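Trainee: The listed protein sequences correspond, in order, to chains A and B.
Residue numbering for the first sequence follows my numbering, beginning at 1 and increasing consecutively.
Residue numbering for the second sequence follows my numbering, beginning at 1 and increasing consecutively.
Simulated from the structure, these hints should not be mistaken for laboratory data.
Not one of these hints is a red herring.
Facing chain A, a subset of chain B residues (Cβ under 10 Å, in silico):
#1 Arg22
#2 Leu25
#3 Arg29
#4 Ala77
Non-contacting residues of chain B with respect to chain A, defined by C-beta distances greater than 12 Å in every case (computed):
#5 His36
#6 Leu136
#7 Arg145
#8 His163
#9 Gln170
#10 Gly187
#11 Asp205
#12 Arg215
#13 Gly219
#14 Gly231
#15 Ser235
#16 Ala249
A few chain B residues that face chain A, going by a derived Cβ cut-off under 7 Å, partial list only:
#17 Ala28
#18 Val50
#19 Ala55
#20 Pro64
#21 Thr65
#22 Phe66
#23 Arg70
#24 Val74
#25 Asp80
Note that this is a predicted model, so its numbers are computed, not measured.
Think of the CB as a built atom: it goes at the ideal place given N, C-alpha and C, for glycine as much as any other residue.
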Amino acid sequence: MRALLRAELMRVRSRSAVWGTAVVLVIAALGFVVAAWDDTRPPSAAAVAEAHERLDEAVASWEEGHDDWVARCEEQAAAVPDWDDTYTCEELNPEPVLEVFLPYRPGLVETLHTRFAPMTFVVLVGLLVMGTVLVSGDFTSGAMGTWLTFAPRRGRVVASRLLASWAAAVPVVLVALACAGLGIATVVALHDAVGDTTGALGEVAATTGRALSAGLWATALGVGLAFGLRHGGLVAGVVVWWVAAVESALPLVVPPARGATLATNLAAWTDGGTTYTLEECVPDATLGEVCGDVVHGVSQARGGLVLLVVAVVVVGLGALSFRVRDVP
Amino acid sequence: MPAGGVHGFLGPNGSGKTTTIRMLLGLARPDSGQAHVFGVPVPERLPDVVGRIGAIVEQPKFVPTFSGRRNLQVLAAAIDVPATHVDDVLERVGLTERARDPFRRFSLGMKQRLAIAATLLKDPDLLIFDEPTNGLDPAGIRDVRATMRQLADEGRTVLVSSHILAEVQQVADTVSIVARGRLLASGPVAELVRGREQVRVVVPDPAAATDALVRRGWGVRPEGGALLVAGEPDSGAVNRALADAGVYASEVGVVRDDLESVFLELTAHVGVGGTERRTRPTRRGFAGREAS
Numbered sequence: 001m002r003a004l005l006r007a008e009l010m011r012v013r014s015r016s017a018v019w020g021t022a023v024v025l026v027i028a029a030l031g032f033v034v035a036a037w038d039d040t041r042p043p044s045a046a047a048v049a050e051a052h053e054r055l056d057e058a059v060a061s062w063e064e065g066h067d068d069w070v071a072r073c074e075e076q077a078a079a080v081p082d083w084d085d086t087y088t089c090e091e092l093n094p095e096p097v098l099e100v101f102l103p104y105r106p107g108l109v110e111t112l113h114t115r116f117a118p119m120t121f122v123v124l125v126g127l128l129v130m131g132t133v134l135v136s137g138d139f140t141s142g143a144m145g146t147w148l149t150f151a152p153r154r155g156r157v158v159a160s161r162l163l164a165s166w167a168a169a170v171p172v173v174l175v176a177l178a179c180a181g182l183g184i185a186t187v188v189a190l191h192d193a194v195g196d197t198t199g200a201l202g203e204v205a206a207t208t209g210r211a212l213s214a215g216l217w218a219t220a221l222g223v224g225l226a227f228g229l230r231h232g233g234l235v236a237g238v239v240v241w242w243v244a245a246v247e248s249a250l251p252l253v254v255p256p257a258r259g260a261t262l263a264t265n266l267a268a269w270t271d272g273g274t275t276y277t278l279e280e281c282v283p284d285a286t287l288g289e290v291c292g293d294v295v296h297g298v299s300q301a302r303g304g305l306v307l308l309v310v311a312v313v314v315v316g317l318g319a320l321s322f323r324v325r326d327v328p
Numbered sequence: 001m002p003a004g005g006v007h008g009f010l011g012p013n014g015s016g017k018t019t020t021i022r023m024l025l026g027l028a029r030p031d032s033g034q035a036h037v038f039g040v041p042v043p044e045r046l047p048d049v050v051g052r053i054g055a056i057v058e059q060p061k062f063v064p065t066f067s068g069r070r071n072l073q074v075l076a077a078a079i080d081v082p083a084t085h086v087d088d089v090l091e092r093v094g095l096t097e098r099a100r101d102p103f104r105r106f107s108l109g110m111k112q113r114l115a116i117a118a119t120l121l122k123d124p125d126l127l128i129f130d131e132p133t134n135g136l137d138p139a140g141i142r143d144v145r146a147t148m149r150q151l152a153d154e155g156r157t158v159l160v161s162s163h164i165l166a167e168v169q170q171v172a173d174t175v176s177i178v179a180r181g182r183l184l185a186s187g188p189v190a191e192l193v194r195g196r197e198q199v200r201v202v203v204p205d206p207a208a209a210t211d212a213l214v215r216r217g218w219g220v221r222p223e224g225g226a227l228l229v230a231g232e233p234d235s236g237a238v239n240r241a242l243a244d245a246g247v248y249a250s251e252v253g254v255v256r257d258d259l260e261s262v263f264l265e266l267t268a269h270v271g272v273g274g275t276e277r278r279t280r281p282t283r284r285g286f287a288g289r290e291a292s
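Next up, chain A with everything else stripped away, as it sits in the complex (with noise of 0.2 Å):
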């Protein structure tokens, strides 16, 4: 088994499957920093004109009218009995500032997680699509049969590409992160919006923690799927099928069965549980019946086991069509 995964190692290494999903992770990674410099970039010239002009009457607005307002503030808060009294008349009505006229510009915090956490979506298809191509390439190749009269145990097959594939699905997804990653910190830094960095590491290790587990999930997801289907485009077509009847169609027509989907027990597992809202109805003594939405909850805990429980009925069934039937 040991020399059946070093040469499964070798074989990831060198598959242009494993690069050419990096190289597309890394430029999907690179969009996101893309994003985030628009994001954050400093207002042009214009703009900061523009707000300066707009700032401007804003000022000869409040100059105007500051006095009558603060008179008339004080005169109801001396009037009301229980005014809060958390901030005077004066606090109330500030002067106008320029930060208010110049568009947002997310910190650091915000850009990350804006720009930085939906790369878990990008790397599960990227690594859904190199798990089957790992599998499926050998298959439509016939370098599978070749493989077969050096490693005829099939089981052994099936686990050793798996691991090696989970091997190889580690550093694309690590690469990719850091892409993103550093790249967005440089292009805050870089346009000076830092800002208040409390949780920027945590959100870094929250969203590398789900996209990892996203990312092996979905590469043993692509691997018992082409184990068992043997077939690139039967496994892209099974997985469309999926995703529009069941993911998509199947909620529409049987509201409850949204707690099921894996998109559901998906987003539990990566967002630390996740909510669905239904509308239930129940009878009324007056109205005969009354309907509202109803909200459910799906712990992460569930998610997690509902992704494990597939996982390892798709790679089961996946290996065992493997063991029994004949290979070209």
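Got chain A; can you put chain B on it based on the hints?
Mentor: For chain B alone, kept in the frame of chain A given last:
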């Protein structure tokens, strides 16, 4: 199948040669029956003996984007063979110069040679070549034939399946002939061909000659301007019989059937399901150790 030498596995297209080989290698599962390689049942215990078997099934199939060397390195790693052995086998099949090229750019002949190199990684006792010369040019065919002979001369057993009989006859020591999934004949090539010699005579009076020869119990049939006498390989006896009848032959000679004739005769008489006919092998090795 005897151990040592080249064993031809012959049959028309669709006769079951490749299916048999694929079952021996565990790539296809038999509906029923048993197969043994090196005395162990396959595919159940194939892992026990797979290290002694090198095989090319149909066309050589490798990872197209890998170089020839990389393909062999991965296969070598799977069976714990040192990477240095890869260069040895590439050298042996004459692919050292092109070893860095991607497999997809190889010519058919180069692919075939790479496949042979892959089989040699294991230093196998049994080599299985399934239609190894399909699509090769004459030089490639000659190379493959020479390689098979060389491997057999090293003491290995080579099983070569083919439907090109003349080619197999040139290299095989023994053959098995199958059709419609049934074994029709098996044994040394010389044994199969022996007894299929005919005496060809040219005589001035074919009718009188036929009469005289048939009276001796031999089969006679005209061919062109001559007569072919079956059942008596001794041309002298035929000549004497003609002379005794007062017919004097202007030409007498022995015509030997080749493997193709044997093959065509055997397969022509096979009905649905086939009939079995087995020669009794006498060559040393048949009665001794067996490769399978």
